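Guided by the hints, dock chain B onto chain A, whose structure is given.
Letter by letter, the chains look like this.
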Amino acid sequence: MNYLVMETHPSYAILLDEEGRFVKAANLHYQVGDTVQEILELKIPTAPRAKVLRPLFGFVAAAACFCLVFFGYYQPNFVAHGLLRLQINPDVLLTISRTERVLDLKGLNQDGGDLVAGYDYRGKSRATVLEELIERAIQMDYLSDGDRVAISVDSRDIEWKEQEQASSLQQLEDQYGERIVITVGLSESETDADTSNSQELLQVTIPITLPDPEESGFAPAPDSSAVQDLPSPVTSNPSVRGDSGYGDSGYEERIDGDSAYEDWEDEQERDEDENEDDEDDEDDEDD
Amino acid sequence: MTPTEPQIALWVEEAKTNSQAADRFIQQYLGFIKSELAKFLHTSPDFGYEDELSIAMFAFYEAILGYQRGRGAFLPYASRAIKNRLIDYYRREKRHERQISLNQPYGDEEEGGELLHILPEEKNPLEESVHRKATQAEIEEFRCQLEQFGIHFSAVADNSPRQQRTLNACQRALSFARENPELLEQLLRTQKLPLKELAQGAGVERKTLERHRDYLMAILLAFTNGYEIIRGHLCRLYPAEKGGEP
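Chains as they are written, first to last, in this note's numbering: chain A, 557 to 843; chain B, 179 to 424.
It should be emphasised that the hints constitute simulated quantities derived from the structure, not laboratory data. Note that the coordinates shown come from a computational prediction; the quantities given were computed from them, not determined experimentally. Keep in mind that a hint or two might mislead.
Straight-line Cα separation of at most 25 Å, PhoX-like style, residue types lysine-lysine; simulated pairs [unchecked claim]:
| hint | chain 1 | residue 1 | chain 2 | residue 2 |
| --- | --- | --- | --- | --- |
| 1 | B | LYS217 | B | LYS272 |
| 2 | A | LYS599 | B | LYS370 |
| 3 | B | LYS212 | B | LYS194 |
| 4 | B | LYS217 | B | LYS261 |
| 5 | A | LYS717 | A | LYS662 |
| 6 | B | LYS261 | B | LYS272 |
| 7 | A | LYS599 | B | LYS374 |
| 8 | A | LYS680 | A | LYS717 |
| 9 | B | LYS217 | A | LYS599 |
| 10 | B | LYS370 | B | LYS385 |
| 11 | B | LYS385 | B | LYS311 |
| 12 | B | LYS272 | B | LYS212 |
| 13 | B | LYS374 | B | LYS385 |
| 14 | A | LYS599 | B | LYS272 |
| 15 | A | LYS599 | B | LYS194 |
With the rest of the complex left out, here is chain A:
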């Protein structure tokens, strides 16, 4: 490329190149009108990025690292992504991360509590925990051949949920398919049992509020099985009626006073009579 010297200064010269660009270059004893070929073009050192940005780079880098660790490692492994409920008879709820790590394990009923008590789930995968829980259930006699096991997965991530459900089912089918029946979804009987269990608990508390024995003349601790035999909580609950003699049981606020219970008055009176008879028998035995 030829350059035409347009203007000279002590320290630099202005040259015109053949493409029509004006450039500043070192003035190696040029004179105006010279045509030169090798030039030393001006290089203004580009200002380095302002110092203000430098700490920002550090911050951005730190944020990027954090994001990497958080989204790449922490979130898939340590953040709850869904729940898996295993219902044998013991009802167990597993909290699972996206990578199928079990993060938490708890029993939803008494048996479930017993089943998971002393079991260390930490660091184990969903498959391992499921297998070991079922083994435990078999050992603890909660599960025997021909029994039914229900699994259900819940998560906001629909795809993950279905995949997880399918793979859990597949795993259990492969391992125990010949011995036990595995179903997906909440088991009906289990849910029923569950609610009746809670009712049972409710009923068990009632006798505690039984009035002093002086009035009724009976020992207050009827065992729960006696109550359980009763047809329904409504009929078994004598405190519903204002004139039951149980005093202020606190239940009246919960159940409307003008409910259809009046229709059952006669029946309940009969029940009370039966109870009294039972307690009489007990007294006799004590004697």
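Just chain B now, kept in the frame of chain A:
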């Protein structure tokens, strides 16, 4: 009295935009530049080191343009810049180590003969001298005309497009103007660049043209009235006509 650091910084700031101030400042600090050069060469630069001195002065000028006030004193920065440029220069020169200079003494030393003298003259020195005189006159005229428009070569050089893409855009605008002589006449009459017409006609962003206004003016003026030599030099400005790349 030695000028203080803030004083020097002020001079540098002025020299950045004003080429005369820059020349004055460099003249004033010629001693400093020579001393830096002497430190580098480990000898006096007064004889036989003209190129190196030019490079050092050029590096000093670059340092003026590149200096940022908030980042320290100017003179140490300039010293560093000079040293770096000289190192670069020597590296570049290393490539030519095996080539011999035309100014190398040849034949009888007492006669002061040089290698250059035994080469056949390709050009007639008289013709060349005439050509150079004509070129100088033309450039001087061009300079005067630009000054009427309030433009200096220095500003044009600072305003020249550096990126190839921008250069191409400017070249499109220039060739459009050349095809439409009325635009050149308008430029001469109004002393204003017809930006709107150029942008529309050449299909270039108006902002791009605005940024290189001085540069475009200078080249357009070179095409107005008879700057034959300059126009002849700009042979690559329209490569399309010569069958090159557009």
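Enumerate the violated hints, using their earlier numbering and listing them in ascending order.
-> Of the numbered hints, 2, 7, 11 do not hold.
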